[in-house]
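Q: The chain contents come next:
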Amino acid sequence: MRKPGCLVLFIIAIVLIISGLLIGPLAKSFIGEGVPEFIQVQQPHIELKPETIIHAGILPVTNTLLAALLTTVTLLLIFGLAARKMSIVPRGLQNLVEMIVEGLLSFAEGVAGKENGRRFFPLFATIFLFVIANAWLSLVPLFGAIGVEEHGTVLALFRGANTDINVPAALAIMSFIFVEYWGIRSVGFFPYMSKFVRISYFLPKNFKGIKSLGMNLVMGIIDLFVGAIELLSELIRLVSFTFRLFGNMTAGEILLLVSMFLIPWVFSDLFYGLELLVGLIQALIFGGLTLVFATMAVTPHGEEH
Amino acid sequence: MEAITRLFTELGINPPLLIAQLVNFSLLLVLMYLFGYKKILAMLDERSRRVKESMDRAEEVKIQAAKAETAFKEKVGEARAESQAIIKQAAQLGETLKEEARQEARKEAQSLLDRSRGEIQKERDESINALRREFADIAILAAEKVIEERLDKESNKKLLDKVLEESGWLKKE
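As they're listed, the protein sequences go chains A and B.
Its first residue numbered 1, the first sequence is counted upward by one per residue in our numbering.
Its first residue numbered 1, the second sequence is counted upward by one per residue in our numbering.
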């Protein structure tokens, strides 16, 4: 606060917050309709479902699909351009991209071990980058402000792709498919399936005489039950993956909208900072959990006992 | 079942859209792998390999330098010992030469002395002879004067020699 520039900025921020308080809906309830029309903020219209821009056959092209495509193109552009002209001594964009890849690789190797980390890296990195790029792109100013008019209503052309439940669901399905594939590839089909269908106690080779028959029967039933729970948990992961990301991102979006509506202007900046962090954390959680599940799947489960 | 379907539509789950997102993500995964990760990881590996290599090389160079230094020191030590030996040898040689020169000089001096001694001897003999002759002449002259008679110079001399021989005066040698 020594420098006059700092002080000026601080005063401007305070003035903006106070004026935001005055013209927001909070003030409206106190001073009634005294606020001029043109600076009033419209009440946000919150819609869980993404809005369809146009229909292409049976595929509704939604604003979230457009945002997902934008994210894809952005990521591919950054990485493609950086990787096109690589040199031993990195320059410019290559530095950034290498830093990202190196950080993600060391994270993956830390979680899954040296060899498996390399194997899981492409999926993990793509999930992480896709989620974080979706989250951060939707925070770019004007991202949600470009609109198209349709049937008299204005629809946003882009909307954070993570807030469309189809995107987290697609990511969860990809993660699920890869985890099961890696599990089967590493452990073998029948050993992997025996994690879910536990009938080892009923096999003839484990029959240890008539005396322990009762005990075996009880253990076998418990084991069957454990297997069923394992199977269920595998499916529940899909749901938890989907709703964790969807819920967090949608909540963030709504939080921003509401904060902008309640106290317009600078107040919502705080939540922008928060949303940056949430985007990073959610990307890390989605990728990290995929890594953990993949590591668990490729470990022969005989070792767990 | 109907409740689940309603939940799905309410949340916006839409099979074509879901498939589109799956395709989009798969495409992203494949393209990122082909044009991004593969090259970048290869580059990272290459760089770490090079760093390792150059570090190994540096280590090697260091070892080699140490070896070279040891060898150099050894060589220097050898050279010093050698030079010491040469100096010693030279000193010895010098000593010998000096000794020889001294010997030579002494010999030379001896011979010079001998020669001069011989010369002196000869000179002395000659002068004695000359003296004797002179003396004989004088004696003859004196005798001539005394006897006042001119004798044959030759026979006188013989006579005188004989006298001198007999008297033993001024014996030769």
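It is possible that some hints are incorrect.
Chain B side only, calculated, beta carbon under 10 Å to chain A, not exhaustive [said to hold, decoys possible]: (1) Met1; (2) Thr5; (3) Arg6; (4) Thr9; (5) Glu10; (6) Ile19; (7) Phe25; (8) Ile138.
25 Å max Cα-Cα, derived DMTMM-like pairs, lysine to aspartate or glutamate [claimed, not checked]: (9) Lys62(B) - Glu46(B); (10) Lys158(B) - Glu144(B); (11) Lys52(B) - Glu47(A); (12) Lys39(B) - Glu115(A); (13) Lys157(B) - Glu134(B); (14) Lys162(B) - Glu119(B); (15) Lys85(A) - Glu10(B); (16) Lys85(A) - Glu166(B); (17) Lys98(B) - Glu108(B); (18) Lys211(A) - Glu180(A); (19) Lys114(A) - Glu46(B); (20) Lys38(B) - Glu234(A); (21) Lys49(A) - Glu134(B); (22) Lys114(A) - Glu53(B); (23) Lys67(B) - Glu53(B); (24) Lys153(B) - Glu166(B); (25) Lys52(B) - Glu234(A); (26) Lys114(A) - Glu126(B); (27) Lys85(A) - Glu46(B); (28) Lys195(A) - Glu180(A); (29) Lys49(A) - Glu2(B); (30) Lys38(B) - Asp223(A); (31) Lys73(B) - Glu60(B); (32) Lys39(B) - Glu60(B); (33) Lys38(B) - Glu47(A); (34) Lys39(B) - Asp223(A); (35) Lys162(B) - Glu108(B); (36) Lys38(B) - Glu109(A); (37) Lys195(A) - Glu234(A); (38) Lys157(B) - Glu144(B); (39) Lys122(B) - Glu108(B).
It should be emphasised that the hints constitute simulated quantities derived from the structure, not laboratory data.
Ideal Cβ positions, reconstructed from N, Cα and C, are used throughout, including at glycine.
Q: Just to be careful, I want the Cα atoms of Lys38(B) and Glu47(A) compared with a cutoff of 25 Å; is the pair within it?
A: violated (40 Å)
Q: For the hint on Ile19(B), just tell me whether its beta-carbon gets within less than 10 Å of chain A.
A: holds (8 Å)
Q: Taking 10 Å as the limit, does the beta-carbon of Arg6(B) come near enough to a beta-carbon in chain A?
A: With a closest approach of 13 Å, the Arg6(B) hint is violated.
Q: Is the hinted pair Lys62(B) and Glu46(B) satisfied, with a Cα-Cα distance of at most 25 Å?
A: holds (24 Å)
Q: Between the alpha carbons of Lys49(A) and Glu2(B), is the straight-line distance 25 Å or under?
A: holds (19 Å)
Q: Decide if the proposed pair is consistent with the structure: Lys162(B) and Glu108(B), CA atoms, cutoff 25 Å inclusive.
A: violated (44 Å)
Q: Is the hinted pair Lys114(A) and Glu46(B) satisfied, with a Cα-Cα distance of at most 25 Å?
A: holds (17 Å)
Q: Hint Glu10(B) vs chain A: min CB-CB distance below 10 Å?
A: holds (7 Å)
Q: Assess, step by step, whether the Cα of Lys38(B) is no farther than 25 Å from the Cα of Glu109(A), and give holds or violated.
A: holds (16 Å)
Q: Is it true that the CA of Lys67(B) sits at most 25 Å from the CA of Glu53(B)?
A: Given that 25 Å is the threshold and the Cα spacing comes to 21 Å, the pair holds.
Q: With a cut-off of 10 Å on the beta carbons, see whether Thr5(B) makes it to chain A.
A: Given a least distance of 14 Å, the restraint on Thr5(B) is violated.
Q: If you take the shortest Cβ to Cβ gap from Met1(B) to chain A, is it below 10 Å?
A: violated (17 Å)
Violated hints, in rising order: 1, 2, 3, 8, 11, 14, 15, 16, 18, 20, 21, 25, 26, 30, 32, 33, 34, 35; the structure is consistent with all others.
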